[in-house]
Amino acid sequence: MFLPKKPSKLRLRDAENARRNRLEIVKALSQGQVTRRELLKWGIFTTAGFLAHKGGLSPFASAFASHGGSTSIPTGFAPSVLPGNVTPFSQPMPRFDVLPRIANPMTAFTPAPMAEANTTQQLLDPRLPGVVAGDTGPIEGRPPGPIWAHQRFNEFLPQIGIEVTQEGAKVNTTYRPEVPSSLNSGIDPAVAIRPRFHPNLNDQALNTVWTFNGTFPPKLVQVRYGEPILFRHYNRLPFDVTQNNGFGRHTISTHEHNGHHGAENDGFTGAFFFPGQFYDYHWPWVLAGHFTVNTAATDPFAATPNGSGGTTRIPGDWRETMSTHWFHDHMFSFTSQNVYKGNAGMLNIYSAVDRGNEAINDGVNLRLPSGTAKDWGNLDYDVNLMLADKAWDANHQLVFDIFDTNGFLGDIVTVNGAYKPVFQVERRKYRFRILNGAVARFFKLALSDGKSFYQIANDGNLLPNRVTLTQTDFLGIAERYDIVIDFTNWNVNQSVFLVNLAEHESGLMPERSLSISDAQSGSSSDPGVGRFLEFKIVRQPAQADNSQVPATLIPNPILPAQVTRERVFEFEDRASQPGTDPDTADKNGPWGIGALGGSILAADFGRVSAQPGFGTREIWTLKGGRGWDHPIHIHFEEGQILGRNGGGLSSVPLAERGRKDVYRLGSNGEVKITMQFRDWGGMFMEHCHNTTHEDNAMLLRWEINDGGTPFLRPLPTPIAKPQGVTFRDPTVLSGA
Amino acid sequence: MMKMHRALSLPALVVAGALCWAAPPEARAQTVTQSLTDPQTGATVQTVTSATVKLSGTVSGAPESVSLSGTAKIESRVVWSEISTAVPAAITLDIDLSGISGVGKTTRTKYVTNAREIALRRLSATDLVDIAFPFYVSGTGGFPSARTGLARFSLSYDVNTGALKSVSGSLTSP
Chain W
155 MFLPKKPSKL RLRDAENARR NRLEIVKALS QGQVTRRELL KWGIFTTAGF LAHKGGLSPF
215 ASAFASHGGS TSIPTGFAPS VLPGNVTPFS QPMPRFDVLP RIANPMTAFT PAPMAEANTT
275 QQLLDPRLPG VVAGDTGPIE GRPPGPIWAH QRFNEFLPQI GIEVTQEGAK VNTTYRPEVP
335 SSLNSGIDPA VAIRPRFHPN LNDQALNTVW TFNGTFPPKL VQVRYGEPIL FRHYNRLPFD
395 VTQNNGFGRH TISTHEHNGH HGAENDGFTG AFFFPGQFYD YHWPWVLAGH FTVNTAATDP
455 FAATPNGSGG TTRIPGDWRE TMSTHWFHDH MFSFTSQNVY KGNAGMLNIY SAVDRGNEAI
515 NDGVNLRLPS GTAKDWGNLD YDVNLMLADK AWDANHQLVF DIFDTNGFLG DIVTVNGAYK
575 PVFQVERRKY RFRILNGAVA RFFKLALSDG KSFYQIANDG NLLPNRVTLT QTDFLGIAER
635 YDIVIDFTNW NVNQSVFLVN LAEHESGLMP ERSLSISDAQ SGSSSDPGVG RFLEFKIVRQ
695 PAQADNSQVP ATLIPNPILP AQVTRERVFE FEDRASQPGT DPDTADKNGP WGIGALGGSI
755 LAADFGRVSA QPGFGTREIW TLKGGRGWDH PIHIHFEEGQ ILGRNGGGLS SVPLAERGRK
815 DVYRLGSNGE VKITMQFRDW GGMFMEHCHN TTHEDNAMLL RWEINDGGTP FLRPLPTPIA
875 KPQGVTFRDP TVLSGA
Chain E
2 MMKMHRALSL PALVVAGALC WAAPPEARAQ TVTQSLTDPQ TGATVQTVTS ATVKLSGTVS
62 GAPESVSLSG TAKIESRVVW SEISTAVPAA ITLDIDLSGI SGVGKTTRTK YVTNAREIAL
122 RRLSATDLVD IAFPFYVSGT GGFPSARTGL ARFSLSYDVN TGALKSVSGS LTSP
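From first to last, the protein sequence lines are chains W and E.
The opening position of the first sequence corresponds to residue 155 in this note's numbering, with each subsequent residue numbered one higher.
The opening position of the second sequence corresponds to residue 2 in this note's numbering, with each subsequent residue numbered one higher.
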């Protein structure tokens, strides 16, 4: 077999990727990390000892059509098997499973949470990598000592605790949708929920999916400002790294996307923890500007529900109020696999402004669709939707191509872990918090009949103004759009569908957007296009619709006049890797980020690429390359887009004129944003949220530089091992 | 070589196709194409065409038919393919319909829109793009209700440069 005489650049890159992948396989074989038997089992080698003719693995197979079909979706595999009795819109859509809130975790949790990591030793399982019988290691995986201690822990002692595990698939017997069955499409929460994408599909095997608590549907956390949370995450994944059914890594690091918390709670990619350990994440839930704006807590808009119909005022800038987050794995080089496997949940944040009660009329509460029964956090008409494309084999077991570095695309669109479900609605207004939880797929959303709806939030932040739409902009990976649909536009017993207009051919970027009618015509080669969620209007509202959708929501924060520094980041491929530390440097590539006008560098979490000053404001310009679109996520701080492609604010669509944390660059495009760096310090990340790109080295570390106190400058890099975390000196890009 | 993001100096900006009057007379569109070149390599790194097109038409349906007209602003940007033989170049269309307004045929009520749509299309010599857009009674911002119209654009391109050559359009019911 030979490559063509004049192969395309793409073909050459695929071939180069395949070569690198084969080297990795050889390395893994040589180190005993995998066996030839496992490679045979995974279909990577043929029994004759040859590499399978497979995209991303064989240099002679194109990743674009690796299974020999006319379509490249799903990436690297034959189309998912759908039995005849698995038809679209034949199962109810489950609401999220709400994690219990445990009062006073300081006394309720055993062991009690601590400011510094709990280094109590435990006997390690010798199946863990690098462990021999008799070895011990800490029970908590958080890096030890004062540097990784929870910042201002005693000032923000946890009031609510949440305990959750990461583990293999099991039946859910404790489903808590927190709404009556009538508002959950008739689903009886007392009936066990099996780990499968449709009732007529097989259960997922124990180690094929690794979800929160090991169960379906995805989990929801509800928090309110001013109420510090202790999120204790237990790793109950297999000790043996090979027990992953072909993809996924058993070490995890949990990112609260996009929390304004100290870096020790950010899910830093190198601060991962092992099976048998837990990690305590401390989320104080303060408004940005807590220590510098409205410090006397006099602003009535900077407030949080008090549980009895009123509010408690809190410090900070209310214009920084956030609403819709999610949490997911951030394991270095394995985020895509682990998130795809089920390490993803959502998180709703409540405040005096966005309180989750549509009836309280105090002049502050925006009264968005939600419900009235509880003081705050009503979910009746406030619905989380997690969109994700999947692929499965003939036994309905999830599959994932670990070799394609363009981005994995599935051919099955799921909502809340269900294949093309139906959601029953009342004839009234609903808020939908929509998360793109895919690996590489972009969505673009419309209703099937073209009727309008309202976008109220972008990336978890309520917009300055309500935007009336008939179709959304592209929804990049990890972006969140909150929309309101008024179902009084339809009659009882009618249906309307949510439709995806974004067509892919590869994971690099969407190929095109379709009209609403074309997307539903069935003519697209992308099985992810078209209808994927049915809204069925089943009755008149059970209670009066008190909700509003105000024209004015949350204005943007007022920015300091002084811009301390401007930086440019370039997102490209063919990165180089000057790093030599095998524990921190990604050797695979091909993606990378250029900073400070220098070379495009592959990820090394031991390297600091930017050190903005504490308390400063900067302008960052993010530039993308040709032929792909990168949704770039910057941790910790919300930014405002100042312009796109060299233009000013007029170049920014109305629905992007609020605060954001993910910025789609567009092919050969650029986005100029501004951010402030406040309240907390430490090491954070910036990366492409096409998690295939992220895992293949499009990630960098930046650090808040406060001049040395109270945080060290630069911080030592954590090196996680089962026996405990050690530290190494970081490298710092000159001029960072 | 993928390093295309060098700073672009002003002299590198070339107005390639100054002014075209290529559309049909009933919907004549002015198009202006600008090509940005890399001053070091001379390679074209961006081709942007701006156009304005007059649109008109009637959207029928309850509570009344609405006669809409006005001007759409279109900016097309070439999505360059990194790998030309495998991934066709595409076009990003930024379509601003905020210049469209209308009058109800029964009540003479004024209707407006602030719709703006970002569309991604494959590059081909001709393309037909349908955009559903909301419009509503002036002063309401679309709340509590908005109606939907359909803007239909017929576009032609120079497939070698990606420049938008002509565009015409109309407004109708979806």
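Hint data in this document are derived by calculation from the structure and do not stem from the laboratory.
One or more of the hints may lead you astray.
[Unchecked claim] Residues of chain W clear of chain E, computed beta-carbon distances all greater than 10 Å:
1. P334
2. P454
3. L803
4. S821
[To be verified] Simulated DEER-style distance windows between Cβ atoms:
5. W:R693 with E:G62: 24 to 34 Å
6. W:R693 with E:K111: 32 to 42 Å
7. E:G105 with W:G752: 52 to 62 Å
Bear in mind the structure is a predicted one, so any value in this text is a computation, not a measurement.
Ideal Cβ placement from N, Cα and C applies to all residues, glycine included.
To see whether the hints hold, each was checked on the structure:
1. Separation of P334 (chain W) from chain E is adequate, the least Cβ-Cβ distance of about 27 Å exceeding the 10 Å criterion.
2. Once the 10 Å rule is applied to beta carbons, P454 (chain W) is consistent with being away from chain E; the minimum gap is 25 Å.
3. For L803 (chain W), the condition that its CB be more than 10 Å from all CB atoms of chain E holds, with the nearest at approximately 13 Å.
4. Once the 10 Å rule is applied to beta carbons, S821 (chain W) is inconsistent with being away from chain E; the minimum gap is 4 Å.
5. Between R693 (chain W) and G62 (chain E) the CB atoms are about 26 Å apart, so this pair conforms to the stated range of 24 to 34 Å.
6. For the pair R693 (chain W) and K111 (chain E), the supplied restraint of 32 to 42 Å holds, since their beta-carbon distance comes to about 36 Å.
7. In this structure the hint that G105 (chain E) and G752 (chain W) lie 52 to 62 Å apart at CB holds, the actual value being about 60 Å.
Of the numbered hints listed earlier, the single one contradicted by the structure is hint 4.
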